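A.B. asks: What follows is the residue order along each chain.
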Amino acid sequence: MLIKRTERQARRGTLAAALSNQSAGTLDRRTFLRRSGLTVGGLAAVGALPLTSVRKAEAFGSNPGAGATIRKNICTHCSVGCTVIAEVSNGVWVGQEPGWDSPISRGSHCAKGAATRELVHGDRRLRYPMKLVDGKWTRISWDVAINEIGDKLTEIRGKSGADSVYWLGSAKFTNEGAYLNRKLAAFWGTNNSDHQARICHSTTVAGVANTWGYGAMTNSYTDIRNAKTIVIMGGNPAEAHPVSLQHVLEGKESQRANMVVIDPRMTRTAAHATEYVRIRSGTDIPVIYGMLWHVFKNGWEDKEFIEQRVYGMDDIRKEVAKYTPEEVERISGVPGAQLERVAKMFATEKPSTLIWCMGATQHTVGTANVRAFCIALLATGNVGKPGTGANIFRGHTNVQGATDLGLDIVTLPLYYGLVEGAWRHWSRVWEVDYQWFVDRFDKATAADGKVTHTMNTPGIPSTRWFDATLYEKKDVSQKDNIKCMFVMGHGGNTVTRMPKAQEGIEKLDLLVVADPHPTTWAALAPNRKNNTYLLPIATSYETSGSRTASNRAIQWGEQIVKPIFESKDDNEVMYLLAKKLGFADQMFKNIKVENNVPVAEDILREINRGGWSTGYCGQSPERLKSHMANQKDFDMLTQKAAVGPNKGDYYGLPWPCWGTPEFKHPGTPLLYNTTLSIKEGGGTFRARFGLEREETLPDGTKRTVSLLGNGYYSKDSEIKDGYPEFTLAVLKKLGWDKDLTEAELAVINKINPTTPDAVSWAIDLSGGIQRVAIEHGCVPYGNGKARANAFGLPDAIPTHREPIYTPRPELVAKYPTLPSRREFRMPNVGFDVQKAAVEKGIAKAFPLILTSGRLVEYEGGGEETRSNKWLAELQQDMFIEINPADATERGIKDGAWVWVTGAELDSKARMKALVTERVGKGVTWCPFHFAGWFQGVDQRGNYPGGMDSNGKRYGTDPIVLGESVNALTTYGFDPVTGMQEPKATLCQVRAA
Amino acid sequence: MARMKFLCDADRCIECNACVTACKNEHEVPWGINRRRVVTINDGKPGERSVSMACMHCTDAPCAAVCPVNCFYTTADAVVLHSKDLCIGCGYCFYACPFGAPQYPKVGNFGSRGKMDKCTYCAGGPEADHSKEEYEKYGSNRLAEGKLPLCAEMCSTKSLLAGDGEIIAQIYKERVVRRGYSSGAWGWKTAYKETIAT
Amino acid sequence: MARLLAHARFIIGALALMFVVAMAMPTAAQQRNPDNSVNPTASSVKEDQLLQQMRIINGRGSIPDAKSYNLEQPAGRDWRQFHDVTLHWIGAIAIIGMLAALVLFYLIRGMVRIQAGRSGRTLVRFNAFERFVHWMTASCFIVLAVTGLNITFGKTLLLPWMGPEMFSGWSQWGKYAHNYLSFPFTLGVVLILLIWIAGNIPNSIDLQWIKRGGGIVGNDHPPAYRFNAGQKMIYWIVVLGGGAVAASGYLLMFPFYVTDIAGMQLSQIVHGTVAVLFVAAMLAHIYIGTIGMEGAFEAMATGEVDLNWAKQHHSLWLEKEQARTGPNESESQARAAATPAE
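Protein chains in written order, with our numbering: chain A, 698 to 1689; chain B, 179 to 376; chain C, 5 to 346.
Excised from the complex, chain A in its bound form (with noise of 0.2 Å):
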């Protein structure tokens, strides 16, 4: 029998056969090259096989189950953006290929790619719409749903205010999605609209814009292939970003580059580094300065750089000379040897790439983490060129697109802020009266009995809703508390201090989650008996619509099926409730809706019609889509297209993406880069802080220092200096204005009709002032100076300052945390905490560092990919990483039950011990992804369930379960953003 199986195996013929027939079905070279994880370079040896022409990929692939239909989308667990390659029949996803013309992912997941598809056929997904009755999960109709809940929404509105509702959004929405519940938020009247960036790259965002004008990823994951020196500080791709790793690890390999990780764990990244530095959790700062010591003690630092691009260095100088080697060592632990090593290679083999993540943000000093790493990048010149750059690696699949559509507390879509001029503007773009806002609005009195109108006052961050929640309502600056969470794809477990989470969920009035799983925000705090709503939503697989990676590329993804069971898209929710609210019609003015969904084009086009701060205007859902169709056409390295019809194009068109969608720019693949001219992507430091600022001198004596430019410029500029961002004045006083045709002349005037020279090329829907400015070879937001001292901030020149609860108490008199003080509508008392912290002495009780991170198959808090049965089988436990010799000191065993308690709270968490070397002594590590025990009880049966149509029992907790590191972490708020701090604190571990 099997001699048979082995005749026709023989007679259909092996692969080498194959490959020397032309049927459908055989495999060409390229291909099978590619397939090896070949695509580029030598290989002059395979001459021995048979080679056949070229045939395209997709030639086959329609094998299987013939008559499936392959539609293309975005992986949604992370910001790399791989393509996600799905093989339809029937209305099913039977099956995921590699999408090998993606030009960031060349067909490569990790494993929550690779497992993705089990998403939409989610056993233990959320059916249909549930509420709580006295405790009972009860099934409801959508209409009830949200009956009820508009209902309830507007008795919260008519007794506590607008700003009572906490509108909690999310990174895993399609841009259209995040604009959508951004505008949800100002429609209703509140700027309490936050999601995920604030718990991961919100400090980066202040802290790299606030240095050269942008919040973004300055190169790209690709382009990390040109670097010679990578430094990765307070990061691990390699389970954070794994794809991203591809373009690290080939970059070394064929650069044969130094590739340094600093961090306090010998992660997965580490042991790929040729230099790893081990530091104390929360000591960034002065490892930085340990570096740049160095780098100034011995010249090493970009002069001419400094002269022409950066504003401020000295005073960075003077203070980098309190951090000397053995000052440096004390406070990090890190020899000065290594950090003068480390400094030389960054400072003198260039280019040099900073890569950072949670680990340099999630901190009291999350901001001047950031600030530091971009003065070390000023400093040796490190910016705006290939290879180089601060390569912010973004967590979620469209947190950078959220982040850019302002999904944030301050500010409206796109950066404009909440100043009047943004409401405007937006108001313009909406075509809505402006007023009209304004009388949504709450005007709160404050404590001090001043009259605040909350328009235009930032909301409050989600790392504090139930603060917000439970603090007396004196001390919260609106009208009245948070009494509603209306929460879309955020998890309940990602927020520092859990158990005053769960204490929150209980007070809250409503709680709506609408999200594809029920999330811990359902199953944490079972006292809650009433008024909580789950609405079941789709994922990014089943609805279209565009996201932007990390590296500002934006890519459309379209749908692969429809919404399972009752599921509905989050943009059809928003309509839903926009109407039972009573807006819908002014807020889906200029968008079109079909069947209550709005169109995902339609939204995408009133973003580009608004978005010209960040050069969102360029990239309509046309040319994305023909991006997508045409991958193939753009080259990995540099991102661009040869041939095709995008010839030109950067692949995603990463923003900015100036001008109309017709005046075509081709995306800026590296901001600041002044060797290109700014039509084909080039870029200068962006002239956003003012034209100059008055310094005094140590003698007392003022001057006058300009922050524009100094004889640079980028390529092709007709002005060949600094220059200030443009508008209609700026166009006059230069005679380019003649350049504006009639039409956007006339745009521009009925911007603002009485002074129509003060319409900038920020708010000039007409696109014209970009237009002329760009023609001119100038970009529009002016060409101005990095600020190494980002005057303004708490901490313009960055400091160290200890965790509220550190390790080393003695070190705080020289280095404590900013004093207290009232930032985002509630108290800071970071510094009071600290304070007690040291004088309990605390660090005797909870003497090991507590700090957090990332496993590879889950993501954020893990509700979805616990659920997900072919990740969850890879991770089914909870654990903390203790070294060694503090498990000895303990009796505590590899793999053994332990007990974690906080520093804070009361709290405790039970989870199982991993020995390791991984972390060093003094210090545990935990994943942050767990949730579905608390405090040591299992609340598994808090989680719906229900019986499916075939009268099957199912659930909705996801397969795996354990306690939130979370549950332990501390107090601890960046000044700049309300940044947790999850990353530096303090426990004790014991056996249990």
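Everything labelled a hint here was simulated from the structure, so no lab data went into it.
Keep in mind that this is a model prediction, so the values were computed, not measured.
We put the CB at the ideal spot given by N, CA and C, even for glycine.
There's no promise every hint is true.
[To be verified] Straight-line C-alpha distance at most 20 Å; calculated SDA-like pairs for lysine to any residue:
1. B:Lys262 - C:Tyr180
2. B:Lys262 - C:Trp177
3. B:Lys367 - C:Gln56
4. B:Lys371 - C:Met58
5. B:Lys223 - A:Gly1592
6. B:Lys310 - A:Pro1032
7. B:Lys310 - A:Val789
8. A:Lys856 - A:Lys1176
9. A:Lys1590 - B:Lys223
10. A:Lys925 - B:Arg356
11. B:Lys293 - C:Lys71
12. B:Lys262 - C:Ile155
13. B:Lys293 - C:Phe258
14. C:Lys50 - A:Thr971
15. A:Lys1176 - A:Met1523
16. A:Lys1609 - C:Arg64
17. B:Lys371 - C:Gln56
18. A:Lys1566 - C:Asp69
19. B:Lys351 - C:Ala46
20. B:Lys262 - C:Gln176
21. A:Lys994 - A:Pro1032
22. C:Lys50 - B:Thr368
23. A:Lys1204 - A:Asp1172
24. B:Lys293 - C:Asp69
25. C:Lys71 - B:Pro208
26. B:Lys262 - C:Met166
27. A:Lys1259 - A:Pro1223
28. A:Lys1041 - C:Ile155
29. B:Lys310 - A:Gly1592
30. B:Lys293 - C:Trp177
[What the hints assert, rightly or not] Derived contacts from chain B toward chain A, CB cut-off under 10 Å, selection only:
31. Ser318
32. Cys333
33. Lys336
34. Arg356
[Stated by the list, open to error] According to the in silico footprint, chain A covers these stretches of chain B (three or more CB under 8 Å from chain A):
35. 183-195
36. 203-209
37. 223-237
38. 266-273
Fit chains B and C to the known structure of chain A by using the hints.
C.D. replies: Just chains B and C now, kept in the frame of chain A:
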């Protein structure tokens, strides 16, 4: 004639487990059966390396040699496959396999093992190509479509290579020459009785 | 010879592994920078090095399946060599050799007759319970032996004429039978151990018996108690061999519950080797209990033996029995023998 092999470049492997879930996804492999897995050596220490491992489709396969019922066969592409109809679940192939590839579903009581399951190099089994029976027993048959195993195709860092042995050895060699270091072609000596001279 | 050495090395290695509690991972020569920091790339582990240092390269994984953490065990090759070659030789030599010896012996010696002829009077040698235990164990043993030998030799002997489907089907049922019948067999071995141990403690008579070759050659009939030295040997082979196959068998049946891959391989080696030797020994036992000796089979068939048979083969036992009960009371002896442990 093509001789299919796997090669895991451990200097690229980051234990992202894409190969593991790609396999689960492609073949709907049930919980508890791990046709492919990633093992990390010297975990947490400088110099740790992770290696993705599955059936290596050995030359002169030990599993086939020790099988009491001769359920293994080698295809013309040198892929080692087996017939679940013939397998009696004795477990001997696991003892002989140098790579821990064979997997057994737990059926019934006291370790009574079901039919062995293992990596098929995405080449199905004895049933007709692309038949329902083949898919249910062995998963999909990519090789017959002219595609390579999905684990290697989806590898995040192009660490796991699949394809004709000579080609992937050549790719690996070029990599090693270019970067100047190598921790070895893991398993090649044991599986194919050869090493890649670098 | 080299192969033999390899086996010896393998077995010793496997044994050593079982006793080594913690296996320290070797640390690759770490390339350190002048300031004592480490270059992870340069100091990566190398496969070559590990293969030289260890029999099994193992690491860490996250799925709860410890055996999956073994990355590579070239030792599987040695086990394969044992299974495919060594065991076949041992089995073939032991079993075919034994059969050949028995045939030869039969041809030369023929059946050992009751020299005095049957007396017509019988006495009880094994009561019903003893016989039940014997036959339960024996029948299980035969099935276990046949199905076991099938696993080792069936591929060569049966597969070619049965065809793959039929052979697999038969082997599958054989596996079930082998697994399930192991329980009554083990019970039988335990009972055999208990009920007959008293008569099987070696003593000085045995020495004489052995010296006189058990009377196999010529017409000598050395005296013996209830069990002569040959029978004692069979007893101990059954008890110890049975114990060994049972213990190793259960390790195989509950794979990886108590041991790792090296232990599993060792279990199989013990199981296979002991089993084929066991089978060979049992062939001799069967021979002597059937065509090899007149009057022997009825001891286990009816439980009663002829007086003259007893006189010839177990003179001391007969004397003792008669002294205790009187020569003609075989009926009452049957009851008395229900407590044989004296």
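A.B. asks: Against each hint, give a clear statement of whether it holds in the structure.
C.D. replies: Each hint, compared with the structure:
Among the hinted pairs, Lys262 (chain B) with Tyr180 (chain C) is consistent with the structure: their alpha-carbon atoms are about 17 Å apart, no more than 20 Å. A hinted pair counts as satisfied when its Cα atoms are at most 20 Å apart, and Lys262 (chain B) with Trp177 (chain C) qualifies at roughly 15 Å. For the hint linking Lys367 (chain B) to Gln56 (chain C), the alpha-carbon distance of about 12 Å falls within 20 Å, and the restraint holds. For the proposed pair Lys371 (chain B) and Met58 (chain C), the alpha carbon gap of about 18 Å is at most 20 Å, so the pair holds.
With a CA separation close to 18 Å, the supplied pair Lys223 (chain B) and Gly1592 (chain A) stays within the 20 Å bound. Only pairs whose Cα atoms come within 20 Å are accepted, and Lys310 (chain B) paired with Pro1032 (chain A) is rejected, the gap being roughly 63 Å. For the hint linking Lys310 (chain B) to Val789 (chain A), the alpha-carbon distance of about 17 Å falls within 20 Å, and the restraint holds. With a C-alpha separation of about 10 Å, the suggested pair Lys856 (chain A) and Lys1176 (chain A) falls inside the 20 Å cut-off, and the hint holds.
For the suggested pair Lys1590 (chain A) and Lys223 (chain B), the alpha carbons sit about 18 Å apart, so the restraint of at most 20 Å is met. This hinted pair checks out: Lys925 (chain A) and Arg356 (chain B) have alpha carbons roughly 15 Å apart, not beyond 20 Å. Using a Cα cut-off of 20 Å, the hinted pair Lys293 (chain B) and Lys71 (chain C) holds, with the two alpha carbons roughly 19 Å apart. Proximity of Lys262 (chain B) to Ile155 (chain C) is assessed by CA-CA distance (about 17 Å); at most 20 Å being required, the pair is judged to hold.
Only pairs whose Cα atoms come within 20 Å are accepted, and Lys293 (chain B) paired with Phe258 (chain C) is accepted, the gap being roughly 16 Å. A threshold of 20 Å between alpha carbons decides the hint, and for Lys50 (chain C) with Thr971 (chain A) the separation of about 16 Å falls inside it, so the pair holds. A distance of roughly 13 Å separates the Cα atoms of Lys1176 (chain A) and Met1523 (chain A); the hinted pair therefore holds under the 20 Å criterion. The suggested pairing of Lys1609 (chain A) with Arg64 (chain C) holds, with an alpha-carbon distance near 15 Å, which does not exceed 20 Å.
Pair hint Lys371 (chain B) plus Gln56 (chain C) holds up; C-alpha atoms about 15 Å apart against a cutoff of 20 Å. Only pairs whose Cα atoms come within 20 Å are accepted, and Lys1566 (chain A) paired with Asp69 (chain C) is accepted, the gap being roughly 16 Å. Proposed proximity of Lys351 (chain B) and Ala46 (chain C) is supported: the alpha carbons are some 18 Å apart, at most 20 Å. This hinted pair checks out: Lys262 (chain B) and Gln176 (chain C) have alpha carbons roughly 12 Å apart, not beyond 20 Å.
Between the alpha carbons of Lys994 (chain A) and Pro1032 (chain A) the distance comes to roughly 17 Å, so the proposed pair stays at or under 20 Å and holds. A distance of roughly 15 Å separates the Cα atoms of Lys50 (chain C) and Thr368 (chain B); the hinted pair therefore holds under the 20 Å criterion. With a C-alpha separation of about 17 Å, the suggested pair Lys1204 (chain A) and Asp1172 (chain A) falls inside the 20 Å cut-off, and the hint holds. Distance restraint check for Lys293 (chain B) and Asp69 (chain C): the Cα-Cα separation of roughly 19 Å lies within the 20 Å cut-off, and the hinted pair is therefore satisfied.
Pair hint Lys71 (chain C) plus Pro208 (chain B) holds up; C-alpha atoms about 18 Å apart against a cutoff of 20 Å. For the proposed pair Lys262 (chain B) and Met166 (chain C), the alpha carbon gap of about 18 Å is at most 20 Å, so the pair holds. Only pairs whose Cα atoms come within 20 Å are accepted, and Lys1259 (chain A) paired with Pro1223 (chain A) is rejected, the gap being roughly 33 Å. Using a Cα cut-off of 20 Å, the hinted pair Lys1041 (chain A) and Ile155 (chain C) is violated, with the two alpha carbons roughly 67 Å apart.
At roughly 42 Å between alpha-carbon atoms, Lys310 (chain B) and Gly1592 (chain A) are farther apart than 20 Å, so this suggested pair is violated. Between Lys293 (chain B) and Trp177 (chain C), the direct Cα distance comes to roughly 14 Å. Compliance with the 20 Å bound is thereby established for this hinted pair. Because the beta carbon of Ser318 (chain B) sits about 6 Å from the nearest beta carbon in chain A, less than 10 Å, this interface hint is met. Checking Cys333 (chain B) against chain A by beta carbon gives a least distance of about 6 Å; that is within 10 Å, so the hint holds.
A distance limit of 10 Å between C-beta atoms decides the matter here; for Lys336 (chain B) the minimum to chain A is near 4 Å, and the interface restraint holds. Of the supplied interface hints, the one on Arg356 (chain B) holds, with its beta-carbon coming within about 6 Å of a beta-carbon of chain A, less than 10 Å. Under the rule that three or more residues need a Cβ within less than 8 Å of chain A, the assignment of the stretch 183-195 of chain B holds, with 6 such residues. For the stretch 203-209 of chain B, the stated coverage by chain A holds: 3 residues have a C-beta nearer than 8 Å to a C-beta of that chain, and at least 3 were required.
Counting residues of the stretch 223-237 of chain B whose C-beta sits closer than 8 Å to any C-beta of chain A gives 6, which meets the bar of three, so the coverage hint holds. Counting residues of the stretch 266-273 of chain B whose C-beta sits closer than 8 Å to any C-beta of chain A gives 0, which falls short of three, so the coverage hint is violated.
Violated hints, in rising order: 6, 27, 28, 29 and 38; the structure is consistent with all others.
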